[in-house]
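Following the hints, position chain L against chain B.
Chains as they are written, first to last, in full-length UniProt numbering: chain B, 1 to 408; chain L, 1 to 408.
Hints may contain errors.
Identical copies carry no separate label here, and so any pair may be met within one copy or between two of them.
[To be verified] Dumping the calculated EDC-like pairs for lysine to aspartate or glutamate here, alpha-carbon to alpha-carbon at most 20 Å:
id, residue 1, residue 2
1, Lys290, Glu382
2, Lys336, Asp242
3, Lys196, Glu304
4, Lys336, Glu241
Hints are computed from structural coordinates only; laboratory data are not their basis.
Remember, predicted model here, so these are calculated numbers, not experimental data.
There are 2 protein chains.
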Amino acid sequence: MFASSSFNLPNLRSKPTPFVPEPNPKTPRSSSISLHVNVEPPSKSESEPQAGKLKGSPQLKRWSRARAIRSGRKLDRPSHESQVAEVSRPVHPRESTNEEPGTATAGDGEARLEVNMGKSIYMVSDGTGWTVEHSVNAALGQFEHCLVDRGCPVNTHLFSGIEDVEPLMEIVKQAAKEGAIVVYTLADPSMAESAKQACKLWGIPSTDILGPITEAVASHLGVSPSGLPRGAPGRNFPLSEDYFRRIEAIEFTIKQDDGALPHNLTKADIVLAGVSRTGKTPLSIYLAQKGYKVANVPIVKGIELPKTLFRIDPEKVFGLTISPVVLQAIRKARAKTLGFSEQARSNYSEMDYVREELESARRVFAQNPVWPVIEVTGKAIEETASVILRLYHDRKHRCSMPRISKLY
Amino acid sequence: MFASSSFNLPNLRSKPTPFVPEPNPKTPRSSSISLHVNVEPPSKSESEPQAGKLKGSPQLKRWSRARAIRSGRKLDRPSHESQVAEVSRPVHPRESTNEEPGTATAGDGEARLEVNMGKSIYMVSDGTGWTVEHSVNAALGQFEHCLVDRGCPVNTHLFSGIEDVEPLMEIVKQAAKEGAIVVYTLADPSMAESAKQACKLWGIPSTDILGPITEAVASHLGVSPSGLPRGAPGRNFPLSEDYFRRIEAIEFTIKQDDGALPHNLTKADIVLAGVSRTGKTPLSIYLAQKGYKVANVPIVKGIELPKTLFRIDPEKVFGLTISPVVLQAIRKARAKTLGFSEQARSNYSEMDYVREELESARRVFAQNPVWPVIEVTGKAIEETASVILRLYHDRKHRCSMPRISKLY
Numbered sequence: 001m002f003a004s005s006s007f008n009l010p011n012l013r014s015k016p017t018p019f020v021p022e023p024n025p026k027t028p029r030s031s032s033i034s035l036h037v038n039v040e041p042p043s044k045s046e047s048e049p050q051a052g053k054l055k056g057s058p059q060l061k062r063w064s065r066a067r068a069i070r071s072g073r074k075l076d077r078p079s080h081e082s083q084v085a086e087v088s089r090p091v092h093p094r095e096s097t098n099e100e101p102g103t104a105t106a107g108d109g110e111a112r113l114e115v116n117m118g119k120s121i122y123m124v125s126d127g128t129g130w131t132v133e134h135s136v137n138a139a140l141g142q143f144e145h146c147l148v149d150r151g152c153p154v155n156t157h158l159f160s161g162i163e164d165v166e167p168l169m170e171i172v173k174q175a176a177k178e179g180a181i182v183v184y185t186l187a188d189p190s191m192a193e194s195a196k197q198a199c200k201l202w203g204i205p206s207t208d209i210l211g212p213i214t215e216a217v218a219s220h221l222g223v224s225p226s227g228l229p230r231g232a233p234g235r236n237f238p239l240s241e242d243y244f245r246r247i248e249a250i251e252f253t254i255k256q257d258d259g260a261l262p263h264n265l266t267k268a269d270i271v272l273a274g275v276s277r278t279g280k281t282p283l284s285i286y287l288a289q290k291g292y293k294v295a296n297v298p299i300v301k302g303i304e305l306p307k308t309l310f311r312i313d314p315e316k317v318f319g320l321t322i323s324p325v326v327l328q329a330i331r332k333a334r335a336k337t338l339g340f341s342e343q344a345r346s347n348y349s350e351m352d353y354v355r356e357e358l359e360s361a362r363r364v365f366a367q368n369p370v371w372p373v374i375e376v377t378g379k380a381i382e383e384t385a386s387v388i389l390r391l392y393h394d395r396k397h398r399c400s401m402p403r404i405s406k407l408y
Numbered sequence: 001m002f003a004s005s006s007f008n009l010p011n012l013r014s015k016p017t018p019f020v021p022e023p024n025p026k027t028p029r030s031s032s033i034s035l036h037v038n039v040e041p042p043s044k045s046e047s048e049p050q051a052g053k054l055k056g057s058p059q060l061k062r063w064s065r066a067r068a069i070r071s072g073r074k075l076d077r078p079s080h081e082s083q084v085a086e087v088s089r090p091v092h093p094r095e096s097t098n099e100e101p102g103t104a105t106a107g108d109g110e111a112r113l114e115v116n117m118g119k120s121i122y123m124v125s126d127g128t129g130w131t132v133e134h135s136v137n138a139a140l141g142q143f144e145h146c147l148v149d150r151g152c153p154v155n156t157h158l159f160s161g162i163e164d165v166e167p168l169m170e171i172v173k174q175a176a177k178e179g180a181i182v183v184y185t186l187a188d189p190s191m192a193e194s195a196k197q198a199c200k201l202w203g204i205p206s207t208d209i210l211g212p213i214t215e216a217v218a219s220h221l222g223v224s225p226s227g228l229p230r231g232a233p234g235r236n237f238p239l240s241e242d243y244f245r246r247i248e249a250i251e252f253t254i255k256q257d258d259g260a261l262p263h264n265l266t267k268a269d270i271v272l273a274g275v276s277r278t279g280k281t282p283l284s285i286y287l288a289q290k291g292y293k294v295a296n297v298p299i300v301k302g303i304e305l306p307k308t309l310f311r312i313d314p315e316k317v318f319g320l321t322i323s324p325v326v327l328q329a330i331r332k333a334r335a336k337t338l339g340f341s342e343q344a345r346s347n348y349s350e351m352d353y354v355r356e357e358l359e360s361a362r363r364v365f366a367q368n369p370v371w372p373v374i375e376v377t378g379k380a381i382e383e384t385a386s387v388i389l390r391l392y393h394d395r396k397h398r399c400s401m402p403r404i405s406k407l408y
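One chain only, chain B, in its complex shape (with noise of 0.2 Å):
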């Protein structure tokens, strides 16, 4: 694996016992980024906000930037005054420099700019680190009351590909340094161990996300698991129908999109409907990768719907629609992105046009009854897809409660 290997380490997966080497944090033993921190044990008060307080590399901080940067968000207005801090001259790359806790400096040259920081959770995978990620993302959801507008946030770490011990307590050492908590997925039951054991030497909160599912399976099948991590020989993947048919699913949706090929409806497993911006092509996508083929087809005001629509099964089309004030702030971002000039197509963000448009998408639903129509407003793409997976399964296999099933 590529993180692994960066390290240079010698591969110590056949080890029996966890290796757990002492704190020390005042010797670090790699070249890594611990170099150029602060090193102080984690502080006491860890569970109570205190914004001001945390510690971060020069590397981290620039991460912390560049995101900020590319998500657009505005780096000259601070969130949070109290955790601002001014630096006194530029950071360059690779600089070893100690600065202000609890704020990321713009690199080269533009001394003024700072990030909050937040408070880190650090994540470690033996593999791509998609579940850990998923697991601590789908947590972060009950804290969005309280996340970077309401001046909590939180900045996550993802380290995949963590196979051996060495790099596994670098990760450690750096997490104490930063006050972070670490949550991991190992496979290997002495990799997990050694990870529990670490933080729990080091004084830092962990949570094994993998382990108390794998034990329930196991129980349940009376199979032990194989404790090999996901890239492990003789854990390569199968080329497997399933695959081919995920591949074929998304190959299908991509052609297929925003009604390029009308007389091709009648293959599609699923068929949704709905005006422009009601989301059809991420929806498409996101369930074609979960190996549905999905066509869409685009309701424009004045413009004939395909017949195809009308004469495929009607149990596999779903209508989408969406609150004409929200459809009209997605169109004028959209528009700005496209850089439609004022003039040409202005009536697609019209409030009137909107409207009038959503209204022939209903009246078309209302022509349509067997059609499920989904209301979008406010629903995260993964949500709309679930709807619309619960309802597609239930009139599949008519059931009196819904579920998707799938055999492994």
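For chain L alone, kept in the frame of chain B given last:
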């Protein structure tokens, strides 16, 4: 939410203490599928493999079968002789019959076709269910050595949008009848507690996926979790910059697919280059879902590559390579799907041609040593994506401990 409203039950969300009805399997309260199955307490020796003793409702069997048919699995070749029992007559939808346990019958007249049922895992979520599905999926990765092809199949059943205690109790009851385990993500603590207590009462092993990580984050931030499921009022999905960025990335990537607009390579965050069937398209789409604009450039023997490819920042270009044997197998499957005649494009999957094309790609990669070349043989799309993103962020941030950081 759809699933819970389809139960037509009163909303009990405000109930402060967990509601756990007494187990009384002899008198099911609703017209759910539990009416149609033998009611027996789960066997005591549940943890031992006992393939022949599984219970399943007729619906469940039909779903398994439907899924097996969709996935193209051969049904007339039983994978587990001991689990196959003959059914004497065709089974019709919604018909209430008690069939031989451990088999799924073919509906409507195909009496001799059966599929292996497997042990059940019930996944219960108050939201989309993707977190619990993702986690169970990852855990099942630890049992690849014993899943369907090795005679120890597992059936997962996803119940999403479960926001009320009554459908929750129905599900637990049904799980008890099927000898399933229950894995859940329930944001409302009283719902989670109800699930736990009910499973305990019924003697079903249960695992809370979201609870431990949510608690860890809560104590790290010093903030209480909201306890609100994803679809709850007040948890509306905001139209964040992240949302628009993801959609833009998906739309860019679709338009860019398969080298369609080479002059746009400059705008991409990541550019993938590789011969046909190295997984460029599904990989592009996977990365796009994560918010990266991806372009892909097919390397075809004898066709000149777009000049832009060599002018753009080489640090964002990734080469894909694959074993010729595996590539040939994939291309053969592809050629069959596309219905290539034996004459037309026959060399596409011929070993000599496959080797030559890979060799021409290798030469291109050798001339561009900055491009990392990623071996995709035996890797799932998610794995290759993980490797690419690790390298991408590492190159961007030049740190000694590769990670992907994100601000929430």
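Hint by hint, here is what the structure shows:
1. For a Cα distance limit of 20 Å, the shortest separation of Lys290 from Glu382 qualifies both inside one copy, at 11 Å, and across copies, at 13 Å.
2. For the identical chains of this complex, Lys336 and Asp242 are inter-copy neighbours only, at 16 Å across copies versus 40 Å inside a copy, given an alpha-carbon limit of 20 Å.
3. For the homomeric pair Lys196 and Glu304, neither the shortest alpha-carbon distance inside one copy (62 Å) nor that between copies (53 Å) is at most 20 Å.
4. In this assembly of identical chains, the alpha carbons of Lys336 and Glu241 lie at most 20 Å apart only when taken from different copies (14 Å versus 43 Å within one copy).
Against the hints set out earlier in the document, a violation occurs for number 3 only.
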